[in-house]
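Visitor: So the chains spell out like this:
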Amino acid sequence: GQQVMQIPQYQHVQEGEDFTTYCNSSTTLSNIQWYKQRPGGHPVFLIQLVKSGEVKKQKRLTFQFGEAKKNSSLHITATQTTDVGTYFCAGPGGGYQKVTFGTGTKLQVIP
Amino acid sequence: KAGVTQTPRYLIKTRGQQVTLSCSPISGHRSVSWYQQTPGQGLQFLFEYFSETQRNKGNFPGRFSGRQFSNSRSEMNVSTLELGDSALYLCASSLAGASVNGELFFGEGSRLTVL
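So the sequence lines, in the order shown, correspond to chains H and U.
Take 4 as the starting number for the first sequence in our numbering and just add one per residue.
Take 3 as the starting number for the second sequence in our numbering and just add one per residue.
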């Protein structure tokens, strides 16, 4: 079945440093979504990408959808302590899985 | 408007018991999907309901079941609980559906502990 892997699994950064998480799917995706889950919280939708090569920005966050629509990335510029949490990508799956979430990247920001 | 409401927030059960979790979606949302979140397996899709019909099902045993009512509220049931069922169960509602270009709005979750 479809697999969606994210790397790295964990990332510790000093406040002010940049951070990037990568999402790789075993199959082509029609769209990809990104969610953020704060510690003890629930996933919150950040953005959806649909077009091949699409790049979207939200303040310090930059999202990119690969040309082949099998990978995506989230880049945070100058991290802040409010960026702490786990970032998940998610895409339409096949077979049993209608939605497949990535394995997640847990970001810790050291003040 | 009110967000997604899940009850109960926390519960403790023993092996062999059953549990029912409830989810009230955002008003106007007809799709409700359920997810199991554990540290080891991440976020796993359980099933999705749309207008009272199960539209999709994840790869979970038959002990996991669900339903949706005419007011879009949904319940999921886990019978014959096992220790491995301990997890955070998240419900999400959306307008169009879990993967039909639909943003998912998650509830706070129900944290189940099986002893």
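No wet-lab data here; the hints were simulated from the structure.
Even for Gly, the Cβ is constructed at its ideal location relative to N, Cα and C.
A hint or two may mislead.
List time: in silico BS3-like cross-link candidates among lysine-lysine, alpha-carbon distance up to 27 Å [unchecked claim]: (1) H:Lys39 <-> H:Lys109; (2) H:Lys39 <-> H:Lys60; (3) H:Lys73 <-> U:Lys59; (4) H:Lys39 <-> H:Lys54; (5) H:Lys73 <-> H:Lys109; (6) H:Lys39 <-> U:Lys59.
Now the in silico label distances, taken between C-beta atoms and shown as ranges [unchecked claim]: (7) H:Thr80 <-> U:Thr40: 28 to 34 Å; (8) U:Leu117 <-> H:Lys62: 41 to 47 Å; (9) H:Gly44 <-> U:Gln43: 17 to 23 Å; (10) U:Arg75 <-> H:Glu70: 39 to 45 Å; (11) H:Gly44 <-> U:Gly42: 16 to 22 Å; (12) H:Lys62 <-> U:Gly30: 25 to 31 Å; (13) H:Lys54 <-> U:Ser81: 43 to 49 Å.
Visitor: Against this structure, judge whether each hint is valid.
Guide: Hint check:
1. H:Lys39 <-> H:Lys109: Judged against 27 Å, a Cα distance of about 10 Å means the pair holds.
2. H:Lys39 <-> H:Lys60: Satisfied, since the Cα-Cα distance of roughly 15 Å is no more than 27 Å.
3. H:Lys73 <-> U:Lys59: holds, 23 Å
4. H:Lys39 <-> H:Lys54: holds, 21 Å
5. H:Lys73 <-> H:Lys109: holds, 21 Å
6. H:Lys39 <-> U:Lys59: holds, 24 Å
7. H:Thr80 <-> U:Thr40: 28 to 34 Å: Check passed, 32 Å falls within 28 to 34 Å.
8. U:Leu117 <-> H:Lys62: 41 to 47 Å: Holds - the Cβ-Cβ distance for Leu117 (chain U) and Lys62 (chain H), about 44 Å, lies within 41 to 47 Å.
9. H:Gly44 <-> U:Gln43: 17 to 23 Å: holds, 19 Å
10. U:Arg75 <-> H:Glu70: 39 to 45 Å: Holds - the Cβ-Cβ distance for Arg75 (chain U) and Glu70 (chain H), about 42 Å, lies within 39 to 45 Å.
11. H:Gly44 <-> U:Gly42: 16 to 22 Å: holds, 19 Å
12. H:Lys62 <-> U:Gly30: 25 to 31 Å: Given about 29 Å between the Cβ atoms, the range holds.
13. H:Lys54 <-> U:Ser81: 43 to 49 Å: holds, 44 Å
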